[in-house]
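Read off the chains here:
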Amino acid sequence: MRPYDAIFVSCAFGLLAKMPRHWQFVAVVPLICQSLAALPLGRFYGPLAAMIACAIGREYASVALLLSAPSYESLFHAVLYSLLWLGVRYLTESLRERCESELLPMSMRGLASHLFCLAILYYTLLPVSYL
Amino acid sequence: MNRPGPFIHSGRTTRDLMTQVLAALALLVVVATWRYGGTAILLVAMALLGGSLVDCVCNERRWTDRSSVVACTVFALILPAHAPWWIALLGGAVAALFGKHFQGGFGENLFNPAALARVVLMGVAPQHFFLISGNVDRISQATPLAKELGTSSFSLHALWWGDYPGTLAESFPAATLLAGLVLVGLRTIDWRVPLVYLAATSFVAIVLPPGPCMEGHAPWLAGNPLPHLVAGGGLFTAFFMLTDPVTSPLAANGRILFALVAACYTIGVRFYTPYPDGAAMAVLLANALVPIIDKHVVGGKTV
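Quick mapping for you: the protein sequence lines, in order, are chains L and F.
To get the working numbering, take the position in the first sequence, counting from 1, and add 15.
Heads up: the second sequence at position 265 corresponds to 257 in the working numbering, and the numbers run straight through without jumps.
These are calculated hints, taken from the structure and not from any lab test.
Just so you know, not all the hints are guaranteed correct.
Said to hold, decoys possible - Keeping only pairs whose Cα atoms sit at most 20 Å apart, straight-line, the calculated DMTMM-like set for lysine to aspartate or glutamate is:
#1 33(L) <-> 108(L)
#2 287(F) <-> 108(L)
#3 33(L) <-> 88(L)
#4 287(F) <-> 8(F)
#5 33(L) <-> 74(L)
#6 287(F) <-> 115(L)
#7 33(L) <-> 115(L)
#8 287(F) <-> 112(L)
To be verified - Here are the computed distance ranges between Cβ atoms for each label pair:
#9 218(F) <-> 98(L): 27 to 35 Å
#10 73(L) <-> 50(F): 41 to 49 Å
#11 4(F) <-> 102(L): 35 to 43 Å
#12 216(F) <-> 102(L): 28 to 36 Å
#13 198(F) <-> 77(L): 26 to 34 Å
#14 16(L) <-> 7(F): 47 to 55 Å
#15 127(L) <-> 288(F): 24 to 32 Å
#16 115(L) <-> 191(F): 33 to 41 Å
#17 124(L) <-> 149(F): 51 to 59 Å
#18 69(L) <-> 48(F): 47 to 55 Å
#19 127(L) <-> 6(F): 24 to 32 Å
#20 101(L) <-> 237(F): 51 to 59 Å
#21 6(F) <-> 117(L): 15 to 23 Å
Cβ atoms here follow ideal geometry from the backbone N, Cα and C, with glycine treated the same way.
The whole structure should be built from the sequences, with the hints applied where relevant.
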């Protein structure tokens, strides 16, 4: 899975999971994974990164775990994807009121509308994955 | 709402405004037909057919309405002239279905339907938007901003007269500018949005250093605002897509910020990614920011 895909899949999972109070801390997971990758951990890298991600995420463990899955090429990429995750998550939260509006057709209200917006953001921000 | 009432009706209806926009778009369709012949008419007709079919299924009252006609015509105009007819048909349907009906119908959509259709189809079938086609003697691609064109640049004359292969809206940039200025003069669209977008695009194109995608491929695009204004979707986006009153912020100050975001993203995509043009994506990103802008940016005249 590419880091860019992981960002959006984790944001989609974030819509299903209960949002913790300090959800923003999850954004450090790519940075931690990048730091761990620099250490000579060998086969212990994966489990350790997953455990740290779950510990940071707590209620958001599934979201954090998805962010720990891809390998980040460099520190720049880790920072970029951390910021991207924060930005996309904040944007989807800002659209919550609109996605649950009674103006939307019944079949599109709520999660369906959230996922629709997320899919549009995926295509809109796709050029970022080439940086 | 940014300001409390009472509100004074301007005397103009949404129908009047859409008729004026449609008239301006008709001019661009005529110019595109002059440049590309029957292909332009076929693409516009297919997009309208796609939109009408969706309206027919989703809207029981009318089998077509003016908002879909505007959205589908705009979509057809941002298609490359070499696009197959079925892309236009599919795009018209996507614009009406995902851009309008799935978002609550006319007047309630968050995202610009035409930009949405273009970006979705660009993701699904990129070969019809980006790849160079035709024989080796005559290259046809989506826009002269395509970096794979190499170091060959276009003259000022060629850029202004649309003497290059591109989208239908790029057939004759001077006509797009004229049609846009007429809409500004009629007060159909807010003048701030195109002004800020075009000014910010120029400024950012001058000050941003070229990215690795551009160096060695198309260095003439860096530090030179003219191709970024004239070629690609710049002019058309400024006058016909960002000015959509439904998908732009309410307050004047918000609209300025909205146009700034779109300009920065457009140039960022052109400079630092392999994508030739990011105008449609910039429109969608700016649209997604509208709820935040409306919430936090108030002040200025509510338009």
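Structure-based check of each hint:
With a CA separation close to 13 Å, the supplied pair residue 33(L) and residue 108(L) stays within the 20 Å bound. For the suggested pair residue 287(F) and residue 108(L), the alpha carbons sit about 13 Å apart, so the restraint of at most 20 Å is met. A C-alpha spacing of about 30 Å is found between residue 33(L) and residue 88(L), which places the hinted pair above 20 Å, so the restraint is violated. For the hint pairing residue 287(F) with residue 8(F), the CA-to-CA distance comes to about 29 Å; that exceeds 20 Å, so the pair is violated.
The hinted pair formed by residue 33(L) and residue 74(L) meets the criterion: a straight-line CA distance of about 7 Å does not exceed 20 Å. Restraint check: the Cα-Cα separation between residue 287(F) and residue 115(L) comes to about 17 Å, which is no more than 20 Å; the hinted pair holds. For a cut-off of 20 Å, the pair hint linking residue 33(L) to residue 115(L) stands: about 17 Å separates their Cα positions. Note on residue 287(F) and residue 112(L): the hinted pairing holds, with a Cα-Cα distance of about 12 Å set against a maximum of 20 Å.
Our hint of 27 to 35 Å for residue 218(F) and residue 98(L) holds, since their Cβ atoms are close to 32 Å apart. Against the hinted window of 41 to 49 Å, the Cβ-Cβ separation of residue 73(L) and residue 50(F) comes to about 43 Å, which satisfies the hint. For the pair residue 4(F) and residue 102(L), the supplied restraint of 35 to 43 Å holds, since their beta-carbon distance comes to about 38 Å. Separation of residue 216(F) from residue 102(L) is about 30 Å and conforms to the stated range, judged on CB atoms against 28 to 36 Å.
A C-beta distance of roughly 45 Å is found between residue 198(F) and residue 77(L), which places it outside the suggested range of 26 to 34 Å. Separated by about 49 Å at the C-beta atoms, residue 16(L) and residue 7(F) satisfy the suggested range of 47 to 55 Å. For the pair residue 127(L) and residue 288(F), the beta carbons lie near 27 Å from each other, so the given range of 24 to 32 Å is met. For residue 115(L) and residue 191(F), the Cβ-Cβ distance of about 37 Å falls inside the hinted range of 33 to 41 Å, so the restraint holds.
Judged by the Cβ atoms, the range 51 to 59 Å given for residue 124(L) and residue 149(F) holds: they are separated by roughly 53 Å. Residue 69(L) and residue 48(F) have their C-beta atoms about 51 Å apart, which keeps the hinted 47 to 55 Å range intact. Range check, residue 127(L) to residue 6(F): about 28 Å between beta-carbon atoms, so the 24 to 32 Å window is met. For residue 101(L) and residue 237(F), the Cβ-Cβ distance of about 30 Å falls outside the hinted range of 51 to 59 Å, so the restraint is violated.
Roughly 22 Å separates the CB atoms of residue 6(F) and residue 117(L), a value that falls within the hinted 15 to 23 Å.
Violation of the numbered hints given earlier is confined to hints 3, 4, 13 and 20; the remaining hints are satisfied by the structure.
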